[in-house]
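S.K.: The sequence shown runs 1 to 196 under my numbering.
You may find that some hints are simply not true.
[Unchecked claim] Computed cross-link-like contacts, SDA-like style, restricted to lysine to any residue with a CA-CA straight-line distance of at most 25 angstroms:
{"no.": "1", "residue 1": "K131", "residue 2": "K81"}
{"no.": "2", "residue 1": "K6", "residue 2": "A106"}
{"no.": "3", "residue 1": "K98", "residue 2": "M150"}
{"no.": "4", "residue 1": "K33", "residue 2": "A104"}
{"no.": "5", "residue 1": "K6", "residue 2": "K22"}
{"no.": "6", "residue 1": "K8", "residue 2": "H41"}
{"no.": "7", "residue 1": "K175", "residue 2": "P153"}
{"no.": "8", "residue 1": "K8", "residue 2": "L56"}
{"no.": "9", "residue 1": "K33", "residue 2": "G11"}
{"no.": "10", "residue 1": "K33", "residue 2": "Q105"}
{"no.": "11", "residue 1": "K8", "residue 2": "G42"}
{"no.": "12", "residue 1": "K81", "residue 2": "V162"}
{"no.": "13", "residue 1": "K131", "residue 2": "K175"}
{"no.": "14", "residue 1": "K33", "residue 2": "P121"}
{"no.": "15", "residue 1": "K131", "residue 2": "R194"}
{"no.": "16", "residue 1": "K175", "residue 2": "S122"}
{"no.": "17", "residue 1": "K175", "residue 2": "R5"}
{"no.": "18", "residue 1": "K81", "residue 2": "G11"}
{"no.": "19", "residue 1": "K22", "residue 2": "R36"}
{"no.": "20", "residue 1": "K152", "residue 2": "L185"}
{"no.": "21", "residue 1": "K175", "residue 2": "G128"}
{"no.": "22", "residue 1": "K152", "residue 2": "G128"}
I should point out that these hints are in silico values taken from the structure, not numbers from a laboratory.
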Amino acid sequence: MTTSRKEKLVGVVVSLPSFCDKDYNLLVDRQRKHIRWLVDHGLTEGSAVLMISGGLGEGYFLEDDEWRTMADVLAEEAQGKVPTMIGVFELSARRAAKKAQYAAQAGIDFIQLAPPHYMVPSAEDVFGHYKYVNDAADIGIMAYNIPWAMPKPGFEFDARLVERFGELENVVGIKWASNDIRHYLRVLRLFSERFN
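Turn these sequences into a full structure, and let the hints steer you where they fit.
M.R.: Below, the structure written as structure tokens:
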């Protein structure tokens with residue numbers, strides 16, 4: 001029986017740090033050792049997803065070749081024992097789609113996809129960004145948004161946008177924060193069966 005993407009996106013999503021030397025060069029051997037240690041100590045399918053190049057992992061600041069290296073390292077070391085995820089933070093949907101395609105080909109299970117964020121986008125801009133990436137790459141997507149990561153007043157996923165994410169087959173999870181707890185609880189209540 002094949003496990004669905006939604007069934008694989010369970011447990012804690014562990015955001016891995018990027019190991020670097022004093023000149024900010026990646027220390028790939030340390031990264032590999034850390035991933036193996038996590039898997040050997042029980043972070044496996046059903047309990048966790050390992051995410052590389054997220055916010056904690058310098059995902060916003062890696063060069064493209066470094067980002068690809070991180071994708072390759074995670075896929076190689078996880079060896080299918082634990083689901084994998086990589087952060088994608090691009091202003092351009094085309095660049096985000098290229099990264100999603102690379103991640104899928106490398107064997108990564110999910111991307112954590114942020115909306116475009118240079119200027120405050122509209123809900124239509126955000127949906128278009130996610131749809132473009134969804135249609136371009138066969139990889140699970142965890143939609144990611146935190147209001148404080150954009151210029152004021154920030155951007156929040158509203159109920160209508162989350163409902164539209166349901167049209168995108170690859171969007172299986174949402175990671176977000178809200179400045180309004182009632183709004184957050186309402187969206188959670190409405191869509192917790194559809195998204196992880």
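S.K.: None of the hints should be skipped; say for each whether it holds.
M.R.: Hints versus structure:
no.: 1; hint: K131 - K81; verdict: violated (29 angstroms)
no.: 2; hint: K6 - A106; verdict: holds (20 angstroms)
no.: 3; hint: K98 - M150; verdict: holds (23 angstroms)
no.: 4; hint: K33 - A104; verdict: holds (23 angstroms)
no.: 5; hint: K6 - K22; verdict: violated (39 angstroms)
no.: 6; hint: K8 - H41; verdict: holds (19 angstroms)
no.: 7; hint: K175 - P153; verdict: holds (19 angstroms)
no.: 8; hint: K8 - L56; verdict: holds (22 angstroms)
no.: 9; hint: K33 - G11; verdict: holds (22 angstroms)
no.: 10; hint: K33 - Q105; verdict: holds (23 angstroms)
no.: 11; hint: K8 - G42; verdict: holds (15 angstroms)
no.: 12; hint: K81 - V162; verdict: violated (30 angstroms)
no.: 13; hint: K131 - K175; verdict: holds (17 angstroms)
no.: 14; hint: K33 - P121; verdict: violated (39 angstroms)
no.: 15; hint: K131 - R194; verdict: holds (17 angstroms)
no.: 16; hint: K175 - S122; verdict: holds (19 angstroms)
no.: 17; hint: K175 - R5; verdict: holds (16 angstroms)
no.: 18; hint: K81 - G11; verdict: holds (14 angstroms)
no.: 19; hint: K22 - R36; verdict: holds (24 angstroms)
no.: 20; hint: K152 - L185; verdict: holds (23 angstroms)
no.: 21; hint: K175 - G128; verdict: holds (18 angstroms)
no.: 22; hint: K152 - G128; verdict: holds (21 angstroms)
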